[in-house]
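Number of protein chains: 2
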Amino acid sequence: MRPKPLSGFPEFLPSGRMVEQAVLDSLRESFELHGFASVETRAVETMDSLTRKGEIDKEVYVVRRLHASGSDADELGLHFDLTVPFARYVLENSGHLHFPFRRYQIQKVWRGERPQEGRYREFVQADIDIVGENTLAAHHDVEVALVMIEALGRLHDDLGIPPIVMHVNNRLLAEGFYRGLGVEDHMAVLQRVDKLAKIGPAAVQRLLVDELGMDADAAATCLQLATITSEDTAFVEQVRALGVQHPLLDAGLDALAAVVEAAAIAAPGRLVADLAIARGLDYYTGTVYETQMEGFEHLGSICSGGRYDALASDGKKTYPGVGISVGVTRVLAPLIARGELAASRSVPTCVLVAVDAEETRGDAMATAARLRARGIPTEVAPKADKFGRQIRYADRRGIPYVWFSDSTVKDIRSGEQVPADADTWTPPAADLRPGVIAGSAQ
Amino acid sequence: MRPKPLSGFPEFLPSGRMVEQAVLDSLRESFELHGFASVETRAVETMDSLTRKGEIDKEVYVVRRLHASGSDADELGLHFDLTVPFARYVLENSGHLHFPFRRYQIQKVWRGERPQEGRYREFVQADIDIVGENTLAAHHDVEVALVMIEALGRLHDDLGIPPIVMHVNNRLLAEGFYRGLGVEDHMAVLQRVDKLAKIGPAAVQRLLVDELGMDADAAATCLQLATITSEDTAFVEQVRALGVQHPLLDAGLDALAAVVEAAAIAAPGRLVADLAIARGLDYYTGTVYETQMEGFEHLGSICSGGRYDALASDGKKTYPGVGISVGVTRVLAPLIARGELAASRSVPTCVLVAVDAEETRGDAMATAARLRARGIPTEVAPKADKFGRQIRYADRRGIPYVWFSDSTVKDIRSGEQVPADADTWTPPAADLRPGVIAGSAQ
Numbered sequence: 004m005r006p007k008p009l010s011g012f013p014e015f016l017p018s019g020r021m022v023e024q025a026v027l028d029s030l031r032e033s034f035e036l037h038g039f040a041s042v043e044t045r046a047v048e049t050m051d052s053l054t055r056k057g058e059i060d061k062e063v064y065v066v067r068r069l070h071a072s073g074s075d076a077d078e079l080g081l082h083f084d085l086t087v088p089f090a091r092y093v094l095e096n097s098g099h100l101h102f103p104f105r106r107y108q109i110q111k112v113w114r115g116e117r118p119q120e121g122r123y124r125e126f127v128q129a130d131i132d133i134v135g136e137n138t139l140a141a142h143h144d145v146e147v148a149l150v151m152i153e154a155l156g157r158l159h160d161d162l163g164i165p166p167i168v169m170h171v172n173n174r175l176l177a178e179g180f181y182r183g184l185g186v187e188d189h190m191a192v193l194q195r196v197d198k199l200a201k202i203g204p205a206a207v208q209r210l211l212v213d214e215l216g217m218d219a220d221a222a223a224t225c226l227q228l229a230t231i232t233s234e235d236t237a238f239v240e241q242v243r244a245l246g247v248q249h250p251l252l253d254a255g256l257d258a259l260a261a262v263v264e265a266a267a268i269a270a271p272g273r274l275v276a277d278l279a280i281a282r283g284l285d286y287y288t289g290t291v292y293e294t295q296m297e298g299f300e301h302l303g304s305i306c307s308g309g310r311y312d313a314l315a316s317d318g319k320k321t322y323p324g325v326g327i328s329v330g331v332t333r334v335l336a337p338l339i340a341r342g343e344l345a346a347s348r349s350v351p352t353c354v355l356v357a358v359d360a361e362e363t364r365g366d367a368m369a370t371a372a373r374l375r376a377r378g379i380p381t382e383v384a385p386k387a388d389k390f391g392r393q394i395r396y397a398d399r400r401g402i403p404y405v406w407f408s409d410s411t412v413k414d415i416r417s418g419e420q421v422p423a424d425a426d427t428w429t430p431p432a433a434d435l436r437p438g439v440i441a442g443s444a445q
Numbered sequence: 004m005r006p007k008p009l010s011g012f013p014e015f016l017p018s019g020r021m022v023e024q025a026v027l028d029s030l031r032e033s034f035e036l037h038g039f040a041s042v043e044t045r046a047v048e049t050m051d052s053l054t055r056k057g058e059i060d061k062e063v064y065v066v067r068r069l070h071a072s073g074s075d076a077d078e079l080g081l082h083f084d085l086t087v088p089f090a091r092y093v094l095e096n097s098g099h100l101h102f103p104f105r106r107y108q109i110q111k112v113w114r115g116e117r118p119q120e121g122r123y124r125e126f127v128q129a130d131i132d133i134v135g136e137n138t139l140a141a142h143h144d145v146e147v148a149l150v151m152i153e154a155l156g157r158l159h160d161d162l163g164i165p166p167i168v169m170h171v172n173n174r175l176l177a178e179g180f181y182r183g184l185g186v187e188d189h190m191a192v193l194q195r196v197d198k199l200a201k202i203g204p205a206a207v208q209r210l211l212v213d214e215l216g217m218d219a220d221a222a223a224t225c226l227q228l229a230t231i232t233s234e235d236t237a238f239v240e241q242v243r244a245l246g247v248q249h250p251l252l253d254a255g256l257d258a259l260a261a262v263v264e265a266a267a268i269a270a271p272g273r274l275v276a277d278l279a280i281a282r283g284l285d286y287y288t289g290t291v292y293e294t295q296m297e298g299f300e301h302l303g304s305i306c307s308g309g310r311y312d313a314l315a316s317d318g319k320k321t322y323p324g325v326g327i328s329v330g331v332t333r334v335l336a337p338l339i340a341r342g343e344l345a346a347s348r349s350v351p352t353c354v355l356v357a358v359d360a361e362e363t364r365g366d367a368m369a370t371a372a373r374l375r376a377r378g379i380p381t382e383v384a385p386k387a388d389k390f391g392r393q394i395r396y397a398d399r400r401g402i403p404y405v406w407f408s409d410s411t412v413k414d415i416r417s418g419e420q421v422p423a424d425a426d427t428w429t430p431p432a433a434d435l436r437p438g439v440i441a442g443s444a445q
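Chains as they are written, first to last, in our numbering: chain R, 4 to 445; chain G, 4 to 445.
Just chain R, same shape as in the assembly (with noise of 0.2 Å):
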């Protein structure tokens, strides 16, 4: 009996395993690059932490030991995120780190949600984050945004992901507006307009007004400022033009506008101000970040995140924080179950060395060893087979070469066959790795 796989447990065969592992190579080359050092963390965190805040809206998945006695009773739980662990990680080890400390971290995370196209219950996160001691530089919130956008952009570059388009807000804008407009739980506005584009303007207006009693103008007004989006500070304009003056306003609307200044010179056409982004129930308290991706707008945002006025605080020192984490698995999952992304073949394997005889595995195994030690990947052929056999094995898996005991190697695509020497012969270096292939629906 052939096992099911589990609902919203995605795995990939070993040629989508590969191209994950392309892609989690290049997000690692890319953050450290900008000096972000790699956390892990553990996978379980204490209930109490997990569930604080109200975070209910993510499920968690509860663990304790089969055997568990009365006296281990510490309720944990896998995270669902990794922004939890991180302000808990830095909390317990602040004295040892540098502040503003520059980390990502690439890791599982777990919710108990309906999985559906692009949601599942077992996915992967690649977070970045920097936090300060007790104060944070506004250019943070700019230079996170650029590094995730360069990041996706070598991931479009080099591997084929679609393009992407990251959308930006302030939270104090939305605040500073609502409250200039005399709205004294702007909260709970933020939440309504959250669900435009879920329930449309029209149906957003009469939650304003009939579950928050807005006048119809102010909500209106509401509805406006949300449609606002542009790829330089026109933005500033079009809210000035509202009419609507609080000094947190201002402060949204320069932030933002020096996030939006920075990225159209180092990343143009990558970065909108748009703000209708809310982030909904999160406690982001200024930039918030979301991310769609080109063709793959139903999946929502890809890459989201924001600024925390305090990540975490114990009682002493607060540590607030800027960060974005990319939804690995539901960029993946679909581009790879669709065949969109492919690897050019199933094993890292280059040369398949043949076997003459069982009695000559030996000189088989030496060759490989010379290969392998100018970093070639090589494999013996598993079985003293017929020579077409051996051939096949290597065709089956992708293997482009077989050596043969004649010193000759055999390009199984073309069926070239040239004397060569295992201590100089080198592949081409397009086929010494296996690639991404983008496009193919192979």
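In short, the hints are calculated from the structure, not lab data.
It should be emphasised that the depicted structure is a prediction, and the values quoted were computed from it without experimental measurement.
Each statement offered as a hint is correct.
Since the list gives no way to pick out one identical chain from another, each pair is judged satisfied if it fits inside one copy or across any two copies.
Below, simulated DSS-like cross-link-like pairs (lysine-lysine); rule was C-alpha separation at most 30 Å, straight line: (1) Lys319 to Lys386; (2) Lys7 to Lys319; (3) Lys111 to Lys198; (4) Lys7 to Lys111.
Mind docking chain G on chain R? Use the hints.
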């Protein structure tokens, strides 16, 4: 209030994490050079598959959704090794895999055991396995041992992990020997002999006589068998000298001799026949491996495995396998905690670009981009502080170079400052990325 670490869930500071990354990169490189493809499986398996075969000694963590309803009653647990998930993966995907299938798998596993040095509740394992369809040639027993010895040798040569010796035995050898002595329940003998290192020969002798009713001579002969070790095939004669005869004993001696002979050529001194190795209650059916790390014998085996006649079976086909698993955390956590291994700096950054004034941050960002474009990890200083303070920022993190806007670069270790062009300047290769320093108690 500072949160406290969870006992048994080790986490590294950035320097320790860099050591771990270097080790995992090296293992991956070794495995891929031998043509093993990466597989990653979900963290959870059904409780049914985790508790099969009475593996109750590996304490399982049960996982359930906080808001689970009756209809969602799949009982899940965290995997306690990578073998059970891999066996399930092979069955689930057998139609898409090519056999013999070679895979490596590097993931966290969880066991609810009592934590101590080298024994954790969450830890990383790195496994290689080769799985056949219905049959799997004996030479793969040699191969996985040699691949792992090579991989651990590379960790020693490149990163300063202590040297290892792999101890190999064969279950058929012991079974044949016990049967040749007239024993029916050979597993019962094996389980008691397995306690040799823990309780000593006299106590094992008593168990064999008192619990299994063996006569004293036969029990003594079993103990004599368990004392035999050799770096070459000398063990064969020593076993023969005990005068026991059985066809399974012959098969086991031949199989073990083949492994020892091949290893004596490919990895002299790194593999010994050790007839005391039993691998506890694990269900191996042929070759078994354990590995000691020099100076850390108290950790127990850091790398173990063996051959299964049927890693998995779907009723129609069986999938015999042979594999070995390194306990990466078991090796690293003690070495890192004792300061035996550390990274040469706590950040990937090679160059810090100084900022003259906040107004010129854009220029510093442009310089940094030019350096990064050539693969040099670069940060821009977080604050337009006095240069002394910016240099201190670099110094605290071990960043070797500071770049100034007058196009000079300073090696802050020597104090030497030279003119440089951001499009051509290249640091010495040893400074480009953090390295691993062994033997430092840093």
